[in-house]
Amino acid sequence: MKSCDLPDTQNNLDTRQIIIDRVGIKDISHPITYIDREGNKSPTVGNFTMTVTLPENVKGTHMSRFIQILNEGPCEFDSGNFGKIIEKVRDRLESETAHIILDFPFFRKKKAPSSGVESMMDYQVTLYGSLDKGVTEVMMKVVVPVTSLCPCSKSISKYGAHNQRSHITIKAKATVGKTLYLEDLIDLAETKASCELYAILKREDEKVVTERAYDNPAFVEDLVRDIAVDLNANNNIDYYRLESENFESIHNHSAYALIENQK
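For what it's worth, our numbering labels the leading residue of the sequence shown as 788, then goes sequentially.
Since the hints were derived computationally from the structure, they do not count as laboratory data. Some hints could be false.
What follows is a set of in silico ranges between Cβ atoms, one per label pair, in the way DEER data are often shown [stated by the list, open to error]:
| hint | residue 1 | residue 2 | range |
| --- | --- | --- | --- |
| 1 | Ile807 | Thr978 | 39 to 49 Å |
| 2 | Phe1034 | Ser942 | 38 to 48 Å |
| 3 | Ile822 | Ile943 | 42 to 52 Å |
| 4 | Arg803 | Glu881 | 43 to 53 Å |
| 5 | Lys989 | Gln855 | 47 to 57 Å |
| 6 | Lys875 | Pro842 | 12 to 22 Å |
| 7 | Arg809 | Ser902 | 47 to 57 Å |
| 8 | Glu843 | Ser940 | 52 to 62 Å |
| 9 | Leu1045 | Thr997 | 25 to 35 Å |
Below 25 Å or equal to it, Euclidean Cα-Cα: the simulated SDA-like pairs (lysine to any residue) are [unchecked claim]:
| hint | residue 1 | residue 2 |
| --- | --- | --- |
| 10 | Lys896 | Lys813 |
| 11 | Lys828 | Thr966 |
| 12 | Lys813 | Lys898 |
| 13 | Lys871 | Asn1022 |
| 14 | Lys897 | Lys989 |
| 15 | Lys928 | Tyr968 |
| 16 | Lys960 | Glu1008 |
| 17 | Lys871 | Val963 |
| 18 | Lys896 | Pro830 |
| 19 | Lys960 | Tyr910 |
| 20 | Lys920 | Arg879 |
| 21 | Lys958 | Asn1019 |
| 22 | Lys897 | Asn1048 |
| 23 | Lys828 | Lys960 |
| 24 | Lys898 | Ala986 |
Source: prediction; values computed, not measured. Ideal Cβ placement from N, Cα and C applies to all residues, glycine included.
Working from the sequences, and respecting the hints, build out all of it.
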């Protein structure tokens, strides 16, 4: 029997007159390629949530069409073209709106500060895309792990100071007509931290990063304020949500701070 001869149940009329805000597929893994700031292609694996709005008179959406879109060709994205797949979802599902959330690890090669040994650092990235009333909006979020060293501990101790691993999370939306690069957000977070992290460090590198952190103490408040100064001055950004969570090494809690700004 041909598929055209089979009943299409989801296209049946629904009489309950209730709009479903978002319906689709969640947590589907698919290979993607992220194109970085320099144009290099970085293969990775994305986790997709893809939804549309369902009108009050339609019984169900076509779930398979979401997956067909992912499998029609290479899934390649950069900071500026993620909106194209959102438009394709909207058109293929014949909906007025479309939403995509894409999570993926972004890998970046880094050189240790003294030995120069290279290793791959990973950053957790989320792209948020929506299309509603003809307007496409894309936001990106990146979690940047760094080191922070406590200024208070340094000032009161005869030697040493306690430090902690910190996660700086920046969620930002580009100004209309501007391009916002993922690496710009990573660079900013790592520059403002007491010290950045590396996957591989030799002994001479450990000396450098330990002393660098000691020379650049920062409270969680300092981290978000220093980063916010640059975000506020960046004309490529018209909205951001900035968080820092410091996983304390001498307390049984985290230190936390958040700044949110719609320019």
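Please list, smallest to largest, the hint numbers that this structure does not respect. 2, 4, 10, 12, 22
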